[in-house]
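Asks: Listed here are the chains, written in short residue letters.
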Amino acid sequence: AQSVTQPDIHITVSEGASLELRCNYSYGATPYLFWYVQSPGQGLQLLLKYFSGDTLVQGIKGFEAEFKRSQSSFNLRKPSVHWSDAAEYFCAVGAGLTGGGNKLTFGTGTQLKVEL
Amino acid sequence: EAGVAQSPRYKIIEKRQSVAFWCNPISGHATLYWYQQILGQGPKLLIQFQNNGVVDDSQLPKDRFSAERLKGVDSTLKIQPAKLEDSAVYLCASSSSLLSLSTDTQYFGPGTRLTVL
Chain Y
944 AQSVTQPDIH ITVSEGASLE LRCNYSYGAT PYLFWYVQSP GQGLQLLLKY FSGDTLVQGI
1004 KGFEAEFKRS QSSFNLRKPS VHWSDAAEYF CAVGAGLTGG GNKLTFGTGT QLKVEL
Chain C
-19 EAGVAQSPRY KIIEKRQSVA FWCNPISGHA TLYWYQQILG QGPKLLIQFQ NNGVVDDSQL
41 PKDRFSAERL KGVDSTLKIQ PAKLEDSAVY LCASSSSLLS LSTDTQYFGP GTRLTVL
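Sequences listed follow chains Y and C, in order. In terms of the working numbering, the first sequence opens at residue 944 and continues consecutively. In terms of the working numbering, the second sequence opens at residue -19 and continues consecutively.
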């Protein structure tokens, strides 16, 4: 069965500083990997996804993530954090379903706080 | 393009009562998902529909939870009777692709926050 570990429950960074959120996955085949962001009272918004090809994936809002198969990791990065990036971030691994669609298994999330 | 709509946004009930949540997916999306997100945890898939058929309901507590998508568009998730541990945010998501997983992006609604007292 697939699983995702996000080791950092809370992270605090200063505005303008760089950010890296860690994600480790467990999956028997080539994984489909996702990062979502959730602001208070909002649903989840997709930041980026990896299916194959280039291991460095660019997303929205200046985020990027790098797939490292040898480390079973898919860490999210941003060179310069803005106060509006404060939110909860979820990493997810997907498995295709016979009937169609993608079954996502989410990590427990990392709460990002940005200090001004 | 309108997003995934959910109602109500908030619901407070007593244990052993019943409750229902409604979801309207993005127009044209064949796949609909219901997730349960308990405070401090990531979302957990409860059930997935492809049009009006169930693809995966392996994590749905079928003794108390039920869901339907009769016309392949909007969907209802019901809990009867509710327990304290059902307090959570219930998220609905939809996606369009049937064949290509590389383009299958799930779009989430704002969720319904359920409090069971």
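Among the hints, erroneous ones may be present.
[What the hints assert, rightly or not] Result set (DSS-like, lysine-lysine): computed pairs, CA atoms no more than 27 Å apart in a straight line:
{"id": "1", "chain 1": "C", "residue 1": "K24", "chain 2": "C", "residue 2": "K(-5)"}
{"id": "2", "chain 1": "C", "residue 1": "K(-9)", "chain 2": "C", "residue 2": "K58"}
{"id": "3", "chain 1": "C", "residue 1": "K(-9)", "chain 2": "C", "residue 2": "K51"}
{"id": "4", "chain 1": "C", "residue 1": "K24", "chain 2": "Y", "residue 2": "K1011"}
{"id": "5", "chain 1": "C", "residue 1": "K63", "chain 2": "Y", "residue 2": "K1004"}
{"id": "6", "chain 1": "Y", "residue 1": "K1004", "chain 2": "C", "residue 2": "K(-9)"}
{"id": "7", "chain 1": "Y", "residue 1": "K1046", "chain 2": "Y", "residue 2": "K1011"}
{"id": "8", "chain 1": "C", "residue 1": "K63", "chain 2": "C", "residue 2": "K42"}
{"id": "9", "chain 1": "C", "residue 1": "K(-9)", "chain 2": "C", "residue 2": "K63"}
{"id": "10", "chain 1": "C", "residue 1": "K(-9)", "chain 2": "C", "residue 2": "K24"}
{"id": "11", "chain 1": "C", "residue 1": "K58", "chain 2": "Y", "residue 2": "K1046"}
{"id": "12", "chain 1": "Y", "residue 1": "K1046", "chain 2": "C", "residue 2": "K(-5)"}
{"id": "13", "chain 1": "C", "residue 1": "K24", "chain 2": "C", "residue 2": "K42"}
{"id": "14", "chain 1": "C", "residue 1": "K24", "chain 2": "C", "residue 2": "K51"}
{"id": "15", "chain 1": "C", "residue 1": "K42", "chain 2": "Y", "residue 2": "K1046"}
{"id": "16", "chain 1": "C", "residue 1": "K63", "chain 2": "C", "residue 2": "K24"}
{"id": "17", "chain 1": "C", "residue 1": "K24", "chain 2": "Y", "residue 2": "K1056"}
{"id": "18", "chain 1": "C", "residue 1": "K51", "chain 2": "C", "residue 2": "K(-5)"}
{"id": "19", "chain 1": "Y", "residue 1": "K1004", "chain 2": "Y", "residue 2": "K1056"}
{"id": "20", "chain 1": "C", "residue 1": "K42", "chain 2": "C", "residue 2": "K58"}
{"id": "21", "chain 1": "C", "residue 1": "K42", "chain 2": "C", "residue 2": "K(-5)"}
Honestly, the hints are just simulated from the structure, not real lab data.
Asks: Against each hint, give a clear statement of whether it holds in the structure.
Replies: Each hint, compared with the structure:
1. K24/C x K(-5)/C: 22 Å, holds
2. K(-9)/C x K58/C: At roughly 13 Å apart (the allowed maximum being 27 Å), K58/C and K(-9)/C satisfy the hint.
3. K(-9)/C x K51/C: Between K(-9)/C and K51/C the Cα gap is close to 26 Å, so the pair holds against 27 Å.
4. K24/C x K1011/Y: Given pair K24/C, K1011/Y holds - Cα atoms ~25 Å apart, limit 27 Å.
5. K63/C x K1004/Y: It is violated: about 39 Å lies between the C-alpha atoms, which goes past 27 Å.
6. K1004/Y x K(-9)/C: Violated, at roughly 33 Å.
7. K1046/Y x K1011/Y: 21 Å, holds
8. K63/C x K42/C: 14 Å, holds
9. K(-9)/C x K63/C: 14 Å, holds
10. K(-9)/C x K24/C: 20 Å, holds
11. K58/C x K1046/Y: Answer holds: K58/C to K1046/Y is near 21 Å, not above 27 Å.
12. K1046/Y x K(-5)/C: 30 Å, violated
13. K24/C x K42/C: Measuring from Cα to Cα gives roughly 15 Å; hence the hint holds.
14. K24/C x K51/C: Holds. K24/C to K51/C sits at ~25 Å (cutoff 27 Å).
15. K42/C x K1046/Y: 19 Å, holds
16. K63/C x K24/C: With a Cα-Cα distance of about 17 Å, the restraint between K63/C and K24/C holds, given a limit of 27 Å.
17. K24/C x K1056/Y: 24 Å, holds
18. K51/C x K(-5)/C: 31 Å, violated
19. K1004/Y x K1056/Y: Status holds; Cα separation ~17 Å.
20. K42/C x K58/C: 10 Å, holds
21. K42/C x K(-5)/C: 17 Å, holds
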